[in-house]
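Chains A and U are the protein sequences, given in the same order.
Quick note: the first sequence uses UniProt numbering, first residue 1, plus one each step.
Quick note: the second sequence uses UniProt numbering, first residue 1, plus one each step.
Rather than coming from a laboratory, the hints here were simulated on the basis of the structure.
Virtual Cβ for every residue (Gly too), placed ideally from N, Cα, C.
Keep in mind that a hint or two might mislead.
[As the list claims (entries may be wrong)] Which residues of chain A face chain U? A partial, calculated answer using Cβ under 8 Å:
1) Arg99
2) Asn105
3) Val366
4) Asn370
5) Gly441
6) Gly444
7) Pro445
8) Glu485
9) Pro486
[What the hints assert, rightly or not] Listed next, the in silico DMTMM-like pairs over lysine to aspartate or glutamate satisfying Cα-Cα at most 25 Å (straight line):
10) Lys412(U) with Glu60(U)
11) Lys308(U) with Glu348(A)
12) Lys167(U) with Glu348(A)
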Amino acid sequence: MPTALYRLLLSLALLLPLGAQAGDALEFTRAGASEQVRLLEHWSASPTAERRAFLDALQQGRIGADGDKNPYVQQAGQWQPLTEANSDDNPRVLRLNNRLRGLLNTALASHALSDENAGARLDAARTLQRNAPPALLPVLEQRFAQEGDDAVHDALALALANLQLASPEAATRLKAVRLLGETGEPQAKTRLQSLLDGDEADPAVRKAAETSLAQVERKLFIGELLGQAFSGLSLGSILLLAALGLAITFGLLGVINMAHGEMLMLGAYSTYLVQIGFQRLAPEYLALYPLAALPVAFLVTAAIGMALERTVIRHLYGRPLETLLATWGISLILIQLVRVIFGAQNVEVANPAWLSGGWQVLPNLVLPWNRIVIIGFALFVVALTWLLLNRTRLGLNVRAVTQNRNMAACCGVPTGKVDMLAFGLGSGIAGLGGVALSQIGNVGPDLGQGYIIDSFLVVVLGGVGQLAGSISAAFGLGVLNKILEPQIGAVLGKILILALIILFIQKRPQGLFALRGRVID
Amino acid sequence: MQRRQLIKALTLSASLVTMGMSWSIQAAETIKVGILHSLSGTMAISETSLKDMALMTIDEINAKGGVLGKQLEPVVVDPASNWPLFAERGRQLLTQDKVAVTFGCWTSVSRKSVLPVYEELNGLLFYPVQYEGEELSANVFYTGAAPNQQAIPAVEYLLSEDGGAAKRFFLLGTDYVYPRTTNKILRAFLISKGVAEKDIEEVYTPFGHSDYQTIVANIKKFSAGGKTAVVSTINGDSNVPFYKELANQGLDATDVPVVAFSVGEEELRGIDTKPLVGHLAAWNYFQSVENPVNTEFVKKWKAYATTKGLPNADKAVTNDPMEATYVGIHMWAQAVEKAGTTDVDKVRQALYGQTFAAPSGYTLTMEKNHHLHKPVMIGEVQEDGQFSVVWQTEGPLRAQPWSPYIPGNDQKPDYAVVGN
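Whenever a hint applies, use it, and build me the whole structure from the sequences.
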């Protein structure tokens, strides 16, 4: 059987390097904590090709030890002894602490510098830029001399430059200092700064260090600025998604909808249910559950919204105070209902892999995927809402009814049905917002309570009845919040923003964008 | 003078009435036990399991014949993460339900809210959570850690070689009394260890805060200036967005470890822990601690969660405050047996010197200063949401409710002063 033979050979080939390094493994599992530290430091300064498989396994948590501290490796769920000696008790995974894990990363990177794949070498060189200890200098110099790939060569040069700052020769230091000016690494700033603060005697090096420091600082500043702008946009997009449904139910229909937050919450719980459904029925497509949750959340919340409108809210048109109380009561009922069904505790809505992690744009700027996707999604929902309101018959009817109910009714617009559909639309959009919120925050019965005030702020600030107003208010508030927060802290920032809004509303009660003309009552 | 006498007379008669009432409780079939934990709102994530743990412990005691031959009857109320409501519910427990003892509270602000009620009505409260100290009420027994049993050892660990030899500290917390006081103590401690003022940054967020973008970006920036550790006193469900943001922005525990004082196994249930491996928590107990008492304890809890159909029962975990609740209820039961009555003043005396073999693997003693001797453990988050202990003290430490790092505390007595 050629396949069986092939498999055997393959597994042997996999085991061989580990077998060859049984000595290292034994040494490591037998060692005490401080001894392990020394071993890893020693290994990273003198990498050998055979040891790499062991280090990889160690990092992946596949190395174990039994009661007598004999090493084992886990292959496909099975423990394989790495040495002749083994005892009867079950091996247990070797736990590492942070310090060992950090040293292991360095050791792995120094071993990966001789990888065949240029990409792996580049990653390793980048890791070493951050955390190479001085002992690695000879290894880096050797690899630097041998490296053929340009990108890796440059990365190694930088990693070397960090260590060469301490070189006794001024010329080497000068070169290193100049090279560091090219990077945008936050660590480069600290290194240059400490060089300048230290006893650097050579005036040329000092001068170069000052220039490089200024260069690095400028790059860091750009990264910071972009980061701030991004987080402002991200917060804005979240506010927008939270408020957009309310822009319709309150903005267009004029219902002071205190139950709006609960529509967000129901949208988030729909996401949770869809996630559970995928886990049970189609675990292989689990990663796609947020997409499937969108229509579900929209339909569920729209249906609930329409039911509410028909049963409660339509009897209260034109009586804002009663509407306020009634919708507030509805919101309490919905919260309690969810609490009874799902429990008071938050439920776990996990980010699928494609919404986890981030995109490293600059050395000091990582944009998380979930936030990028949510910004895009917010824009998509805005476009959808705009199209619905401005390019469909339903939208035309909604606008007609909101501008002049009696006249619209005279022209044959079924105002009751339009009210119901418009309220359903607003609730459904809130449901979509809930799907997005479930990806960044907690999903619990009180989710909506945290957003209701912000939502009203956005709608009122933007100008009631204006989609464009809500959009600019949401992004404006988001960016303003993120500009204030680093200066005065999250708590004071929030207070200041509320105070500013009060002042603004005093000056301009109609909001940023106001409807003009006779139609407004 | 006259008025004062009148008040005295009134209080006396009122206390006579209460005494009469407490006598009538004893005459009843059961002993009522109050449970005062938030079952909704931002703290529900942490407190709900304490309520269930208390119920389990009460079942356990009842199965063994109860206390003084009577069954314990739990009275559960929900103060809904609303601090003034804690005082109201506490008063209700003491005056309407007439409970003999109350187990409850998580946040210090909720404890501060019920404290005047318990002191006024001479109730008995067991508080199961680590806190900032600076308090020693005769009506409260603190079964969680004082600062020297959690915060200080944790920071000492971060300063040590094994903990990464941190040079800079980012103190991040929710904006209320516990984080503020703890950070005040920690700041004084760090400065006494030679850390410069500019290397300590203190940041607070409101309860229920969910946008940690700026803060995580600031931590990154701060950490460029030298080996940094984050000391997190974030409470409640804000931890979920905080850790999510940390992971998404690629801040690893090997670069910047976060040591949390209010995050245990229960809080990690709602998060994907793979990106969090290596972050730390300091407690006096972890579910992963290996000893026969704990094995039994965890087994009992899992069985209880399954039979009671608690949400996510298949993933039920134990944590430090749950252990402290368990220990507290047992100690109270022992003290009542010793005193032969549930009378608060007698039980208080009987509690001093009470010992209990706790799941942490140590026999804990209740000291006259109303705190337990506790061992300190530092655990690293593992992929399965459990902690592996990377450091622990030799044995239980005596609590110092009045931290020596706050000026003026050396004047304060290390025992409870009964009656104000």
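Okay, the hints, checked on the actual structure:
no., hint, verdict
1, Arg99, "holds, 6 Å"
2, Asn105, "holds, 6 Å"
3, Val366, "holds, 5 Å"
4, Asn370, "holds, 7 Å"
5, Gly441, "holds, 4 Å"
6, Gly444, "holds, 7 Å"
7, Pro445, "holds, 7 Å"
8, Glu485, "holds, 5 Å"
9, Pro486, "holds, 6 Å"
10, Lys412(U) with Glu60(U), "violated, 39 Å"
11, Lys308(U) with Glu348(A), "holds, 21 Å"
12, Lys167(U) with Glu348(A), "violated, 36 Å"
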